[in-house]
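So the chains spell out like this:
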Amino acid sequence: MNTPAQHRPMDTDQPSTRAHHFPQATSILELRSISCAYDPNRPAIRDISFSAREGEIICLLGPSGCGKTTVLRAIAGFEPVQSGEILLSGQVVSSPVKTVPTEHRRVGMVFQEYALFPHLRVADNIAFGLHHLPRAEQKRRIEEMLCLTGMEGFERRYPHELSGGQQQRVALSRALVQNPVLLLLDEPFSNLDPDMAGRMRQEVHALLRRMKTTSIMVTHDHDEAFAMADRIAVLNQGVLEQMDTPELIYHLPATRFVADFVGQADFIAGRIRQGLIHTELGTFPNTINGSEGDHVAVMIRPDDVHLVPDTSATPRIVARQFRGSENLYTVQLPSGQIVHSSESSTSVYQEGTSVELRVSATHTVLFQAEGPSRP
Amino acid sequence: MIAVRPSSLSSLQLASLTGTGLILLPLIYVITLAFSADPDIWYRLWTTRVPELLWNTISLSGAVALLALGLGVSTAWIVARFEFPGRRIWEVALVLPLAMPTYVLAYVFNYLLGFGGPVEQLWQYLAGPHARMFSPQSFLGATLVMALDTFPFIYLLTRSALLNFNVSFEEVARTCGASPLRRILSVTLPLLRPSIVAGVALVILYVVSDFGAVSLLRYQTLTYAVFQQMTGQLDNQAASILSLLLVVLALLFLLTERWFRRKSRFYQTAGRYRAPQRIHCNWLQAAGLTTSLCVIVGASFGIPVSLLIMWSLSPEALAILDARFFGFVWNSALLATLAATAAVLVGLPLAYLASRKPTWLNTGCLQAAYAGYVLPGPVAALAVLVLFLKVLPFFYGTVLVLVVAYVIHFLPAGLQSLEPSIQQITPNVEEVARTLGMSARDTMRHVTLPLIRNGVIVAWVLIFLQTMKELPATLLLRPVGFDTLAIRVWLEASEEYYQLGAPSALLIVLVGLPALALLRSRDWRAA
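In order, the protein sequences belong to chains H and R. Take the first sequence: its position 77, counted from the start at 1, is 77 in this note's numbering, and no numbers get skipped. Count along the second sequence from 1, add 1000, and you get the number used in this note's numbering.
In case anyone wonders, no lab produced these hints; they're calculated from the structure. Think of the CB as a built atom: it goes at the ideal place given N, C-alpha and C, for glycine as much as any other residue. The reader is advised that the hints may include incorrect statements.
Some chain H residues close to chain R (C-beta under 7 Å, calculated; not the full set) [claimed, not checked]: (1) THR102; (2) GLU103; (3) ALA115; (4) GLY129.
Whole structure, please, built from the sequences with the hints as guidance.
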């Protein structure tokens, strides 16, 4: 399902540096057609394949129950696989015939609720995976880790004496201090308030970059995935829908589900005539090689649509949602089709205002028409 | 924000204060009696009886706690972490010993382990004709009986802690490279510790205040000594001094239990619940587990109950199933009904006021009502007895004295189910009834009482069942010739008429079973 890289629409420098960060790196983790046994309590996953290069941060993104946590748990060795193989550093660790126990995989994991041992102090929590090392070495590693996470002075505290953000730093330290081959993060920011989550995202991202730790993070929040990931794997109902850089996922979604899940999207019905797609909002280039007369849907993001008040125009504003940094307008076309438009925070138009829509997409995403298009 | 008018509030207040007085006065009186005793009595007790009694009580508690700890934690671990045929049956079966009052188990073990009993015969068959078993009437015997009877407390607390255990702790330990043994020793057991310790404290509290088993096994503990001082020596002052000691001891363990219970709440950090994966056993492992569980449940419930049934069907036992026997049943039921009704009437205003108007007075009254927890049966009886003798001597030897002692002793068990049922209903529903034009009295009758009905019924049934099997207070305070089932069991067992006591004992065990169903996932102290 991957969209070929040459279709990349944006030419800003950031994505290209991201993509070429690890040109020749070997793959640390490889999943080959993984399927997991069906258990009524856990979503099944089917035929998932992807790999992670050294130092890469990959986000598994999807709605709850899509199987993303099952994938993570299969990598950790908590779930046996029904078919396929998982390779860590080139070694098969999971296959239908054998499962290397978690404790021998050298993976670090940060749980959603952190799972800090409540009976151990911060220093002992971090030292839990280091008991094979001499005391002095343990102490040195703990101090180094506390320093990296800005938690100096907290080593004598118990977990319940820490705030949510501090608990998370300790959980991260505990996982990273043993230099894991791979770090697994299960919805790490979902227990923090939004402000704190934003700050922790940046901190964790910087820390993982500095330590060059290959990481797999599970999340249901696309903003979080965009902020953290080198590449995002979008899962739906146990199937991998698309795996790409955040920019490609947003601008060139491979499926309607991806388009809808990673941001607001409207699907405008259109028809192919003379090599162009004709819609209510004008014509678009035919990029899916559809044949003459086919019905298709054009995906439009709110930031591609610009409103110009025009008393003679037929589209009308039916709702305005003030979001602080922007205004999100809901516009109804004469056919009843709903289109969203994001305008600057200061452009305020009354509901009922007639507006002309200007679509300025640098790229066109088309899907086969499938029933009535969703608003 | 109170849904009741000042006038009805004050009548409730009056009821709650009266109830508290009823509970506290005897207790205060027995304490004053102890402190006002002649220093000579104190001195005599301290130099003669107290050291031995304290040592006996504490060593028995310690030994029972250890044995019960082993039994309780291992059985809880087996049913919570392994999957084998019959696991669900064992989960329930392991609670059954709680239906068996200690005096019934002691009575059966007196026979089983006694001189010439089946176990000794078996042992002599195996080890030669002169081999001897340890006597049930010894430290070992008392330890075994008490541990078999109380280990379900630890089993239940440990099992529920294991079932609520956040599996992420073990999983994160695995990602840190910890071996299975290290995970158990440095993660799972430390996290279960508060629950286990709370269970142990409960067991010790039970041992310290037990009268039935130690009296039948002739093992001198403080509780037994209080009873003997009252009956044999007729020395209430010495008895009250020993009682005071006993209350202090019991209080110590009760506070320990409370403290660890609070701590255990705080150990269960929030998180998504994921059921732990049980280890699937092959048939050999399953057979091993089943055998060990069979031995434990057999010794603590299966064999005793089979023996009771066998004895009850013997001609001697069938011969006594006459009008006199049904008189005992009637006496037990009558006393239990009176006690349960009185306790619910006393407990309701206390629980209601403490929940709706938590002033220091009201919460204080409620806390005082929990004093019964640290009062072993003989002490409650002593307290009521000395007060009635002083203030209302003409009631001495009537059922009233007995009912008061029951209320003091069993009110905590009733409050355990009354309190949550009242706290569950928000005051808003009472307030909305008032805004709809209902008077305070009607609100109480049409809104509050129907909503808390189930809690009241459960409280009533629990106290009823507790009273049915109560022994020491009944023994000390009953009107002359007024025998109950529990009394019959104890009297026949003391004389070693095993068959004659069996029908009463069996009935008590059967009546105790529904209490276990009611108590599932509640506070097991009431058992």
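To see whether the hints hold, each was checked on the structure:
| no. | hint | verdict |
| --- | --- | --- |
| 1 | THR102 | holds (4 Å) |
| 2 | GLU103 | holds (5 Å) |
| 3 | ALA115 | holds (4 Å) |
| 4 | GLY129 | holds (3 Å) |
In summary, the structure agrees with every hint in the numbered list given earlier.
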